[in-house]
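Asks: Below are the chains, spelled out letter by letter.
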Amino acid sequence: MIEVRNLTKCYGDFAAVRDLSFAVQPGEVMGLVGPNGAGKTTTLRCCTGVIPPTQGSIAIGGFDLAADPVGAKRQLAFFPDEPRLFDYLTVWQHLVFVARLYGVRDYEARARTLLAELEMADKTELLPGELSRGMKQKLGICCGLLHAPTVIFFDEPLTGLDPAGIRRMKQTMRRLAAEGAAIILSSHLLSLLEEVCTHVLILKQGGKVAAGSLAEVHRQFAEHPDASLEDVFFTATGDAPAAPPVVAPPVLPAP
Amino acid sequence: MIDALLYLQWTSLHNAVRARLQRLRRPRYLVATLVGAAYFYFFFFRHLIFRGVPPPGRMPMPAADAFFVGLIVALMLAGRLVYAWIISAERAALAFTPAEVAFLFPAPISRRRLVHFKLVKSQLRILFSAVLLGLLSNRFNLLGGNSWSHAVGWWIVFSTLELHGIAASFTRERLLDLGFNPWRRRLWFGGALVLLAVGLGWWLLRTAPPPPAAGPAGPAAVFAYARLVAATPPLPWLLAPFRWVAGPLLAGDALTFLRTLGPALLILGLHYVWVIRAEVSFEEASLELSRRRAERIAAVRAGKSWKGERPARRRGDPFRLRPAGPAPVAFLWKNFISTGPWFYPRNWLLFSVAVLAVVGWLAARPASRPWLPIVQYTALPIGVWALLFIPMLMRRQVHLLIERLDVIKTHPLRGWQVVLGEMLGPVVLITAIEWLLLAVTAVAAGATGSHLPRVAWMAGFGGVGISLLVPPVAGLMIAIPFAATLYFPGWMASVNQPRGMETMGQRLIFSGAFLLTLTAALLPAALAGLGPCLLLEWLTDTWAVALLVGAITAGVVLAAELAAVVWWLGRRYDQFDLSLELPQG
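Read top to bottom, the protein sequences are chains A and B.
The letter at position 84 of the first sequence is residue 84 when you use the numbering used here, and the numbering goes up by one with no holes.
If you want the numbering used here, it's the position in the second sequence, counting the first as 1, plus 1000.
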C-alpha cells in the first residue's frame, strides 16, 4: 500500500505540494488529477523516490521511502508518460538488465509470460527503434512488472497509444488492481479515471481539494445525479472554462 | 518580397544577440563569457590590435612543407567532391528550418529567391568561420600571409564548397528525375573515378621517378619520394582546379595573393551561376532534410546522440549477465552494448593480439625497425587523447543519466551503485585502450633498445607499473565530469549546445577545474609512490622493480581515493533533486 503523510515539497519559497496526506490500499486505483501546476508530477516524483520531499513521510508497501529507499523501491514500479528505453538494448536485453537491477532470479520464465501476455513474444530481438509507440509502451510495462511490484504509479499512461493500446492499458491496470496492487494513476483524461479508478484525489495549487472513493467525491461535489467526473472536477476546483470569445473575420485586401 | 526575407534575417540575428546579452545578467553566463572573451583576445586579437606584439611560437614555414599543405588542402577539396558525387545520398543541400518551411514554402516567393535567401544566410556562418580560421591559421603561422589574406582565402574555400555542394545536390536531383538512382550514379561516377585512378597509376608507373632500390627507408624518405611523384605530370594539372581555389589561402605574400585571387574568384563565380541557373524542384528534398536536421538539433540540445537515418543495429551480449550479483555490472553490460561490439572483451582481445602481432613483426625485422619510433609516437597522442577525450564524452552519458533520472531513481539501488555502474563502462574502455597502447609502446621501446638489456627491462616493468595505475586514474578522470554535472547541472546542461563565446568560456573553466582537480588527486598518490620507488632503487640499484613497487603503492592510494569519490558522488546522487537543480525556464 501507499501511505503519504503531510507531504510538502518546496522549491525555494514556492510550495509545489502542501501538507498532503492520503493512502492507497491494495486493490485500489487512485486517480491523481488537477489543473496544470497543481502538484501532480511533484507528488508522483516524491512518491517514487525520484525527488526528496521537503517535509512529511511516504511509505511504500510498509517501507519508509526516506529510511529504506532500496526496500521501498523494490515494491514499486513507475511508468512514465513516455517510455524511456535504451537505444541499443533489444527487448530481451532490456528485461535481462532490469532483472539484474531487481535481482529477479526466475526472470526468464516471468519475462516470457509477460511478453506472451502483451503479444510481444516474437519481438524479443527487436530494438526500440524498430518498435511502434504502443510496442515501446508494452516493453516499458514488461520491464516494470518483471519484479512483480505491489505498488504501481502511472503518469499519463495513454499518451500516444492507439485505440487497441488504450484498451490494453486499461485492462492491464484493472488486472493489476484485481491482483492486489495499489495503483496511482495521474492523468488529465477524466474519462479514463472515471473508467478505471476506484478513488480520486483532486489537487489544486499544491493542496488537496477532494479525496475519497469516486462515489464519495461525487456525493460531495456533484450538482446533479448525472454529473460526470469532469463536472465534479470543475465544481471542486472552481476552474470551469469561460465560453470562447467571438472573433470578427479579418479584413483582407481586395484582390 | 526580398525585404521580408532580409527582415527575417536581420530580426532573427538581432533578437538572438539581444537574448544572449540579456542572459549575461546571470553570473554563470557572464563569467563564462568573460573567460571566453579573454581567451579570444589573448589568443587571437591581441596580436592584431597591437601589431608590435609578436605572437609567441610563430615559426616561418619551410617551402617544402607549404607544398604539402597545398597538396593536403587540394586532396581535402577532392575528397569533398568524391563525397558530393559518389557517396552522398542526400537529395538536396538546401536545408530550411521547420519554421522557414512552414512560412516560406507556401508563400509567393520564387524558387530562385529562396536559393538566394539560403545563400545569404549561409554567408553569415561562412564569414564567421572564415574570420575565425583566418585568425587561427595566422596565429600558428602555418601558411604564411596574414590574417586578412587567410580570412579571404578561407571564405573562398568555404563558399566554393558550399556552392559546389548545392550544385551537386541539384544535379543529383536532376539525375534522379532521369532515372539515375543513387546506386546507378555511384556505379557510373565511381567507375569513372576508378578508371581515372588506374589510368593515372599506369601512367605514373611509366613516367614517375622509380623508388629507391631497397625501398624507402623510414618516413623522411617516403615523404621525399611522394613529393617527387606529386610533381610528375599529369598530377599537378589534375589538382590544378583545387589549387586555384586554395591559392589565396596558401599565398605567402600580397603579390601572390592578388595573382591567385582571380582564378579562385572565377571558379567561385562559375559555381554561383551553376546554382542559380539550375532549375530543380528542391522543395520536397529540402523538406525532408530540414526534418532530419531539426531532429538532430533537438537530440543534441537534449544531450542525446543522434543516429540519423541509420537504424540502430542489434548487438549481442558482451558477456552473460546473470540475474543475481552486483548491480553495477548490469550498467557495465548495458554500456558495453551501447558502445558497440568493438569493445566487447573477446573482440578487443583479438584486436589487441592482432595489433601486437604486427608490432612484434615490425620489431623482429631489422629493416622495418625505423618505423617503430613512429608507432611509439603515434601511440602516445592516442593514449593522451583517450584519457582526455573519453571523460569529455562522459558528460553526455551523465546527461543521459539525469534525463532518465525519474526512471533510474525508482530502481532499488544505492547512489554509489548507480554512479559506479555508469563509471565502469568508460573506465574499462579507457583501460583497454591504454593497456593496448602501453603494450605496443613497451614492445616498440624494448625492440629499439634491445641492445641495452636495461632498456628492455624498464620498458617491460614500467609498462606493467603504469598499467596498474591506468584504471584508478581513468576512474578519477571520469569522476570529475560526473561530479561537475551532479554539482553544477545547470551549467553543464548547456555544454552540448553550441553557444559561441560563453560556451568557449565554460569549456575553458571546466578544463581548468578538470586539470586542477586531477592534479590534486594525483599528487598524494605520486608522493606515496615516489618514496618506496626511490628507496628500492637506492637499496637494489634496479629501476625496473623500483618503478613497479612505486606504481603499486601509488595505485593503492589512487584506488582508495576513487572509492571515496564514488561513495561521495553516490551520496550526492541520492540527494540529487533535479527539480531544484534545474529550475524550469
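Source of the hints: derived by calculation from the structure; they are not laboratory data.
Computed from a predicted structure; not experimentally measured.
Ideal placement from N, C-alpha and C gives every residue a C-beta, glycine not left out.
Errors might be hidden in some of the hints.
Unchecked claim - Footprint (simulated), chain B over chain A, 3 or more residues, beta carbon under 8 Å:
hint, segment
1, 49-60
2, 73-83
3, 92-103
4, 229-235
Asks: Take the hints in turn and mark each one as holding or not.
Replies: Against the structure, the hints:
1. Proximity of the segment 49-60 of chain A to chain B, defined as three or more residues with a beta carbon under 8 Å from a beta carbon of that chain, is established by the 4 residues found.
2. As drawn, the segment 73-83 of chain A meets chain B at 6 residues by the rule of a beta-carbon pair under 8 Å; at three or more, the given contact holds.
3. Taking a C-beta to C-beta cut-off of 8 Å, the segment 92-103 of chain A contributes 8 residues in contact with chain B, enough for the three needed, and the coverage statement holds.
4. Counting residues of the segment 229-235 of chain A whose CB falls under 8 Å from any CB of chain B gives 0; the rule of at least 3 is not met.
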